[in-house]
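Colleague: Construct the complete structure from the given sequences, taking the supplied hints into account.
2 protein chains.
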Amino acid sequence: MECIIRPCRAEDCTEVMRMIRELAEFEKMPDQVQTSDQALREDGFANDPFYRCLVAEVAPDGQSRDGHTIVGYAIYFFTYSTWKGRNIYMEDLYVMPEFRGKGIGKKLMSKTAEIGLENQCTQLKFAVLDWNRAAIDFYQGKGAVDLTAAEGWHFFRFEGEPLEQLAQGQPGL
Amino acid sequence: MECIIRPCRAEDCTEVMRMIRELAEFEKMPDQVQTSDQALREDGFANDPFYRCLVAEVAPDGQSRDGHTIVGYAIYFFTYSTWKGRNIYMEDLYVMPEFRGKGIGKKLMSKTAEIGLENQCTQLKFAVLDWNRAAIDFYQGKGAVDLTAAEGWHFFRFEGEPLEQLAQGQPGL
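Which chain is which? The protein sequence lines are A and B, in order.
For the first sequence, the positions run 1 to 173 when full-length UniProt numbering is used.
For the second sequence, the positions run 1 to 173 when full-length UniProt numbering is used.
Source of the hints: derived by calculation from the structure; they are not laboratory data.
Please note that the accuracy of each hint is not assured.
What the hints assert, rightly or not - In the PhoX-like style, the derived pairs of lysine-lysine whose C-alpha atoms are separated by at most 25 Å in a straight line are: (1) A/LYS28 x B/LYS84; (2) B/LYS102 x B/LYS142; (3) B/LYS84 x B/LYS142; (4) A/LYS142 x A/LYS102; (5) A/LYS106 x A/LYS142; (6) B/LYS102 x A/LYS84.
Unchecked claim - Label pairs and their computed distance ranges (CB to CB): (7) B/ASP130 x A/PRO60: 46 to 52 Å; (8) A/ALA59 x B/ARG18: 31 to 37 Å; (9) A/ASP61 x B/ARG133: 56 to 62 Å.
Quick caveat, the model's predicted, so the values are computed rather than measured.
C-beta atoms are modelled at their ideal positions from N, C-alpha and C, and glycine is treated no differently.
Modeller: Here it is, written out as structure tokens:
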């Protein structure tokens, strides 16, 4: 099966948004998806984009059962480690279930790593849910290190009201 | 004590690098610091900077015992959540020990949150070591959620040889 990996174009955002929802369903948190294909277009295709995206595309004769030719995607952006310098962060990596086992996920991740190295990044980072054993085995099989298990790093987040209060520096904080 | 929060300038990178090393010592991983003040200048003060930085500066008459007036810093950059849209990520937050308990860390974090909201970010994210109870209490007291504990997210990383192999898409992968 022929499958090319190429940069996402603005007109692909509807397809990427469809797969973002599929991935959130798989991750058992579909209610958390508050973005839209319009937001994706605005945030990824203006000056100073907030993210970059690769898509996996198959030929029309290899399309999915319901007619899709864009069958996977990777979302990434550049970040920074004050210890190791430039980093590339892979926010999402997804391949539609009927296209798995064909090396498409590997190709998307490989291209992301290549882009990282071209930009002098020393690390490729990402997050995985602890119950997603298949993904963890896949990544660890390629040499990834679980920094949460190895060093104890936990992700934290402010959003909504606590974020607003933080920004206002209220005396009550 | 007067203390202003202002954007880091290229000439402050030597002072920021000093504090990056102090923070890594505190985090018990001083050997991991492979950056330099020159790299900080190149990566933060060219076009498309990889990070942005705020510093906390005190007046000369309030300087540290060893003569420093830049006594804290926050490093941040913009990231993206395919579920929630624009994010701001706080990579480091540090205040020199002799200046703690004066609200400087809160000011740095508050300014970071303010910059996030100005840029339509819906989340402020960061990572904390699980044994750093004082930091966790500080953040949770302001409404931060531990996403690793609540949802099971683990940080993963490729670097060195595994990253190179990944980028080359070697058949052995």
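Colleague: Could you tell me which of the hints above the structure violates, numbers in ascending order?
Modeller: Result: hints 6, 8 break, sorted rising.
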